[in-house]
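Enquirer: Chains as they are written, first to last, in the working numbering: chain A, 1 to 569; chain B, 1 to 288.
Just so you know, these hints were derived from the structure itself, not from any lab. Glycine included, every Cβ here is placed at the ideal spot set by N, Cα and C. Errors might be hidden in some of the hints.
Coverage of chain B stretches by chain A, computed from C-beta distances (three or more under 8 Å per stretch; other residues unrestricted) [to be verified]:
{"id": "1", "region": "37-45"}
{"id": "2", "region": "51-61"}
{"id": "3", "region": "73-84"}
{"id": "4", "region": "100-113"}
Per label pair, the in silico range of CB-to-CB distance [said to hold, decoys possible]:
{"id": "5", "chain 1": "B", "residue 1": "Q236", "chain 2": "A", "residue 2": "I159", "range": "55 to 65 Å"}
{"id": "6", "chain 1": "B", "residue 1": "E257", "chain 2": "A", "residue 2": "S401", "range": "39 to 49 Å"}
{"id": "7", "chain 1": "B", "residue 1": "E288", "chain 2": "A", "residue 2": "P456", "range": "29 to 39 Å"}
{"id": "8", "chain 1": "B", "residue 1": "Q236", "chain 2": "A", "residue 2": "T399", "range": "49 to 59 Å"}
{"id": "9", "chain 1": "A", "residue 1": "S195", "chain 2": "B", "residue 2": "K273", "range": "22 to 32 Å"}
{"id": "10", "chain 1": "B", "residue 1": "T127", "chain 2": "A", "residue 2": "R154", "range": "52 to 62 Å"}
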Amino acid sequence: MSVLKDQVSIVLAGEAGQGIQAIESILVAILKKSGYHFFATKEYESRVRGGINSTEIRVSSARVSAFSETIDILVTLDPKGIPHLAGRITSETLVVGETSSPGGERVTNVPFTVFAKEAGNVLYSNTVAAGLLCALLGIPAPEVEAAVEKQFARKSDEIRAGNISAAHKGYAAGEDLVKRGVISVSVKSDPAVKSDIVASGAEAVSLGALAGGCNYVCAYPMSPGTSVLSTMAGYSLETGILVEQVEDEIGVANMALGAWYAGSRALVTTSGGGFALMTEAVSLSGMIETPLVVHIAQRPGPATGLPTRTEQADLNLALFAGHGEFPRVILAPGTLSEGFDLARLAFEVADAVQIPVFILTDQYFVDTYYNTPEFNPESHPPLSHVIRTDADYLRYRLTESGISPRGVPGSGEGLVRVDSDEHDEEGNITENLELRVKMQDKRMRKTGEALKYALPPVLVGPSNYRKLVVTWGSSFGTAKEALEIARVPDTALLHFPWVHPLHPSAKAILSRADDIVLAENNSTGQFAELLLRETGVQIRKRVLQYNGMPFSVEGLAKRLSEYFAGGVK
Amino acid sequence: MSERKLFDNQPDDIAWCPGCGDFPIRNALIGALNELNLKETEVVMCSGIGQAAKMPQYIKSHMWNGLHGRGLPPATAIKAVNPGLTVIAEGGDGDMYGEGGNHLLHAIRRNPDITLFVHDNMVYGLTKGQASPTSQRGMVTPVQPAGVIAEPLNPLALAIATGATFVARGFSGNSEQLQNLMKRAIRHKGFALLDIFQPCVSFNKLNGFQWFSRNTYILDASYDPHDKLAAFAKTQEAMPYPLGVIYEEEGRSVFEESIPAYASDKTPLALRKPDMDKLRELIRRKAE
Numbered sequence: 001m002s003v004l005k006d007q008v009s010i011v012l013a014g015e016a017g018q019g020i021q022a023i024e025s026i027l028v029a030i031l032k033k034s035g036y037h038f039f040a041t042k043e044y045e046s047r048v049r050g051g052i053n054s055t056e057i058r059v060s061s062a063r064v065s066a067f068s069e070t071i072d073i074l075v076t077l078d079p080k081g082i083p084h085l086a087g088r089i090t091s092e093t094l095v096v097g098e099t100s101s102p103g104g105e106r107v108t109n110v111p112f113t114v115f116a117k118e119a120g121n122v123l124y125s126n127t128v129a130a131g132l133l134c135a136l137l138g139i140p141a142p143e144v145e146a147a148v149e150k151q152f153a154r155k156s157d158e159i160r161a162g163n164i165s166a167a168h169k170g171y172a173a174g175e176d177l178v179k180r181g182v183i184s185v186s187v188k189s190d191p192a193v194k195s196d197i198v199a200s201g202a203e204a205v206s207l208g209a210l211a212g213g214c215n216y217v218c219a220y221p222m223s224p225g226t227s228v229l230s231t232m233a234g235y236s237l238e239t240g241i242l243v244e245q246v247e248d249e250i251g252v253a254n255m256a257l258g259a260w261y262a263g264s265r266a267l268v269t270t271s272g273g274g275f276a277l278m279t280e281a282v283s284l285s286g287m288i289e290t291p292l293v294v295h296i297a298q299r300p301g302p303a304t305g306l307p308t309r310t311e312q313a314d315l316n317l318a319l320f321a322g323h324g325e326f327p328r329v330i331l332a333p334g335t336l337s338e339g340f341d342l343a344r345l346a347f348e349v350a351d352a353v354q355i356p357v358f359i360l361t362d363q364y365f366v367d368t369y370y371n372t373p374e375f376n377p378e379s380h381p382p383l384s385h386v387i388r389t390d391a392d393y394l395r396y397r398l399t400e401s402g403i404s405p406r407g408v409p410g411s412g413e414g415l416v417r418v419d420s421d422e423h424d425e426e427g428n429i430t431e432n433l434e435l436r437v438k439m440q441d442k443r444m445r446k447t448g449e450a451l452k453y454a455l456p457p458v459l460v461g462p463s464n465y466r467k468l469v470v471t472w473g474s475s476f477g478t479a480k481e482a483l484e485i486a487r488v489p490d491t492a493l494l495h496f497p498w499v500h501p502l503h504p505s506a507k508a509i510l511s512r513a514d515d516i517v518l519a520e521n522n523s524t525g526q527f528a529e530l531l532l533r534e535t536g537v538q539i540r541k542r543v544l545q546y547n548g549m550p551f552s553v554e555g556l557a558k559r560l561s562e563y564f565a566g567g568v569k
Numbered sequence: 001m002s003e004r005k006l007f008d009n010q011p012d013d014i015a016w017c018p019g020c021g022d023f024p025i026r027n028a029l030i031g032a033l034n035e036l037n038l039k040e041t042e043v044v045m046c047s048g049i050g051q052a053a054k055m056p057q058y059i060k061s062h063m064w065n066g067l068h069g070r071g072l073p074p075a076t077a078i079k080a081v082n083p084g085l086t087v088i089a090e091g092g093d094g095d096m097y098g099e100g101g102n103h104l105l106h107a108i109r110r111n112p113d114i115t116l117f118v119h120d121n122m123v124y125g126l127t128k129g130q131a132s133p134t135s136q137r138g139m140v141t142p143v144q145p146a147g148v149i150a151e152p153l154n155p156l157a158l159a160i161a162t163g164a165t166f167v168a169r170g171f172s173g174n175s176e177q178l179q180n181l182m183k184r185a186i187r188h189k190g191f192a193l194l195d196i197f198q199p200c201v202s203f204n205k206l207n208g209f210q211w212f213s214r215n216t217y218i219l220d221a222s223y224d225p226h227d228k229l230a231a232f233a234k235t236q237e238a239m240p241y242p243l244g245v246i247y248e249e250e251g252r253s254v255f256e257e258s259i260p261a262y263a264s265d266k267t268p269l270a271l272r273k274p275d276m277d278k279l280r281e282l283i284r285r286k287a288e
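In isolation and in its complexed conformation, chain A is listed as follows (with noise of 0.2 Å):
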């Protein structure tokens, strides 16, 4: 039997288009209205129909919010699910299926099918899932009733009823496994659940540009940037930003540009790939100081790569796209909260310092969500530098900041003149190579404008640390949790959630540790190299993953031990 406190792991495994979206939605509706700290995250292959996914449900007594590799309970609607999680069930898992599939050994049979068929049709056989899994949480069968009721409102009665019999009959069935002593788990819920928030990274990162003023989205369709496209079309009638499906990536990021000119925030929303053909503009954006917010969602490459997948390995991209030599700001959130905060500081750093901002983040964190304290935008609208033109204005003013102050045609009575040659301070084509130094010293300095932007990485564990383990981004959660439970003593964790041009206060923080592991999702440590170069300190001990999934708890847990041991150099 297993026993289960404080904390569960539940995996659906289906094909693509077997409704294990459905069981997710019903499921994480009632833990939420119940209290209950969660934790979701799915990996999918890059299909429409078959093959199989999976979608990771981690119900706790406490926040979470990492990914685990541990399965308490494995529900498979389709027997490939058993193969394809093969290195992640254990002897502990309970498996949870037909026993007509095969390798049936292993499964706890729940005649999914025939109690759907009962119900009505066999398409309800994933509700049986959710009511089965309700019942192992021990959410009271009205609770369940009421969500699938709700989860079913705009279908008709036939098929609302028809879902309500099925969740009670997987309801039985996983009261009946309780009663057998198959399984127990006590999960205590939390007051604050329920006033917090349940949001996706895609979604955090689209009101944090709504937060920022942004109100001009373009974009070309890819995995996984499209997320945040799609969130900020499904903001745009009620908001009345424009959203604009542009014809290519080259489009984008210049219709993006000509948007800032013209007096717009505009987001661009994309993947590595799609980020790639953008460059130039990246390149453009910092000659002619117009401002550009770029989120780049990574998935593995080299080119088409995995295209449902997660790595951090477009750091490199990100920071040297574009020709030519100018300041940029690349940030990379690790939490909901950060991810909401960055995208709104994103805006604000690109308006005041006239520069292309990047907001790395990848499908891992796109595609997860948990519950998490309600994001708090200022009380005002966030602040313009653009300002109203005199006559005589000159877009390109020399000044001692680099920043020239911007107008946008129409407000004032000034010209608002951009060129990407090299122009003088009017906007005027020039040859002159004095001004043109001139001119690239103005731009450069415009990094120290920057830095008064920038975050402290974030310490968690003892201030008086003897060794330190890294992280940009993503893997923050992760390696988090890791720690916690590698127990590895004097440790504590350093997150970056900007990434560069590092705050000053990085290299006096890294060097007072002995001993640095870095952990990334990537094969090479780029941000190792990024730390080099930016604070003088090596970090040699490096966790890499490369496989298109992202860190796993235990996985990095153990790894982080070994690497402290000293037992991998």
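Once you have looked at the hints, place chain B on chain A.
Expert: Relative to the frame of chain A, chain B by itself:
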């Protein structure tokens, strides 16, 4: 010395070759903008890269001189963000029909109320004499020593086929007609393409001023540009090529008036303040 005309920034030095067709095109543009009684602060000249794309440098107005081939996406955005502005995109045949071809197709489909002037000299000027998308077959260049193999693009036919609502052709050697065509193109509500034949005195020895003069004729008043099929047939005429408004369609909705962003609020996006109450509502909805 005559008083400065509006839109003439009286540049000390212009990068075009002496005798280039760009000069009369610039004069016609300044004339057209003055006759339309526009203010310099109301006009945005938007371009990519090339000799023709330098036009915004020599016009006193707002200016966007961006990347090669990429004049239309920013022009579309500028108009959408501030519909009160008059937005004119301008470039050469390589810039707009070659490098920027995809943007042209989709700008036509969106139908923003912007104007596109394409200097069509059938050759690449700034890169010194290679074939352009409108170069005639057999034209020998340093890069096409055996002559151009590809069929020249017919921009007027392409524009009509793609759904453009104003398609015209002018000639830099016929300033009066050109200035009128520019005025009509700017006044037209919707995407307007004006292809402008223009000799390149430095690099196109095949299609010079005499060649264009001999091989063009002005459409007379009997031609009705509102019949789409007849207009398409007109685009197939060559040697001589017709000059004038080939196709015109009124009443098609334009991009910046069709987008939901302006459905209930006509305030230009450029002037809007974000609605923080709505944002808080969106966030709170996530707690349900």
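Enquirer: Please go over all the hints and tell whether each is borne out by the structure.
Expert: Outcome of the hint check:
1. 37-45: Check passed, 4 qualifying residues.
2. 51-61: Since 5 is at least three, the answer is holds.
3. 73-84: n = 10 at 8 Å, threshold three: holds.
4. 100-113: n = 4 at 8 Å, threshold three: holds.
5. B:Q236 / A:I159: 55 to 65 Å: At roughly 57 Å between Cβ atoms, I159 (chain A) and Q236 (chain B) fall inside 55 to 65 Å, so the hint holds.
6. B:E257 / A:S401: 39 to 49 Å: For S401 (chain A) against E257 (chain B), whose Cβ atoms are near 40 Å apart, the range 39 to 49 Å holds.
7. B:E288 / A:P456: 29 to 39 Å: 35 Å, holds
8. B:Q236 / A:T399: 49 to 59 Å: Distance hint for Q236 (chain B), T399 (chain A) holds at roughly 57 Å.
9. A:S195 / B:K273: 22 to 32 Å: 28 Å, holds
10. B:T127 / A:R154: 52 to 62 Å: 59 Å, holds
The structure fails none of the hints (numbered hints given earlier).
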